[in-house]
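Asks: Sequence:
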Amino acid sequence: VATFLFIIYPVSPSPLRHHSELIYSLQSLMMMLLKALFACHFCALNAYLLVITNAMPLESNRREMLGKTIASTFGMVTSPGWIVPNAALADDTADTTNSAPSFSSYQIFPDSSAKLDPSLKQMSPSDLTGILAMTDTNNGESGGGTVWLGEHHNSVKDHQLQADFVRRIHERRQRKLGDANGNMSVGLEMVQVQFQPVLDAYIKKRISAQEMKDRVEWDKRWYWSFEGYLPVFEACRQLNIPLVALNVDSEDLGLVESGGFPNLPRDRLQKYIIDPAGFAQFASNPYYKSYVDYVISPSYDLHQSMGILKTTITGLQLEEDMSFSRFFSGRILWDEGMASNAYKWTNANQGGLMIGLVGADHVKFEGGITGRYQRMATDRKLNCLSVILNPTLIDTRPSGSVSMMTNLASAASASGTDGLSLQLRYLKQGVEVGSPESKDGSNTGGVLALADYIVVSNNS
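Sequence positions in the sequence shown follow my numbering and run 5 to 464.
Since the hints were derived computationally from the structure, they do not count as laboratory data. Keep in mind that the hints are not guaranteed to be accurate.
Claimed, not checked - Ranges of calculated distance between the beta carbons of each label pair, as one might list FRET restraints:
(1) 266 - 348: 23 to 31 Å
(2) 282 - 433: 35 to 43 Å
(3) 147 - 127: 14 to 22 Å
(4) 204 - 327: 44 to 52 Å
(5) 264 - 354: 32 to 40 Å
(6) 353 - 265: 26 to 34 Å
(7) 433 - 314: 36 to 44 Å
For each residue, glycine too, the CB sits at the ideal point set by N, CA and C.
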């Protein structure tokens, strides 16, 4: 297992900014490997993997390289989506709003008392759908805001859940509000803001799904299986729900990664940072350093140890590893930009609800998109709810601190939630991390919940 992981990982997809998503994407492959061990000699398989990997030509798109390596090794994966079949890109999909929910749902209750004992409470899928639909307000109108569905980009189960939620929330809002499209949209991390006209054309049925894929340069700029997201796209097209591009343009993110914020012209920076004062203040929150130390710094360290910091997101070769400062700048531009684009839509569409489809790393522990959107939306009294889909230990622990086998064991547990870290504690000001005082629960400054809710597929 270790040999497989460390041979494949260094040639992982193009500069990954979500190492945990890659590790999660390997889970299904690891299970296949474990089965294969009963039928072949492990050493022979290792040798073959090494030959295949070393024979691969260097490419700027590491996601593509990983996909090719897996396909060459196992001979059973023909799609970049790995576990997603290459189905035809159809224009319609079945309506599932009347079918039984295929998931279990839980609410997280954080605990900042000296006990530091957070808990999960199971709730009915219907109750969760009602909360996420944001229709049950005192005046009977929609309060509006965002629902962030934290996904694993390669997970078929996650995308099935997303499509299911889109349909069920739309049905609830349409019935309660009487609006044809439910006054809602779906925001996409997968598509960069420069391609918004393409998404509009697709929803208006002027172009096909295949044309949309080509025009947003999906394989170049995202690469995770397009087919995996197709049920979501089809549902939005059928129900006339706008798709909204959220992500920062690669060209702009690459400039920040290579030269910091001063390297990005002001007019282009303003596309993503619409609240400069709030953006600067956000880093001074008492919890933010704990968030960075727990989520972003370990991610940088792991990227560095794997040797994947010598290129920017656009594939530009750097003379030395990207500094943490520039890695960090790229990460917060990504989060701030997506939060800003979501805010623009909800601010322009009174009472409107955006369902944001983004990586779980951007959602967890409030320091990414969710906290940034909340900062912008406070004055407008817009809601912000977060959901992690099919979470694993790797999603809730610092980068590199969980072994693959431990992660697989947790994911295979009866509830799928065993051992998850449900909150991140931060200390009162003046209390040093690792000091004897830090171990005293009374010195807790507060806690950051993993998310508001957790959803686990039942079919696993």
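Asks: State the violated hints by number, sorted upward, taking the hints as numbered earlier in the document.
Replies: 2 and 4
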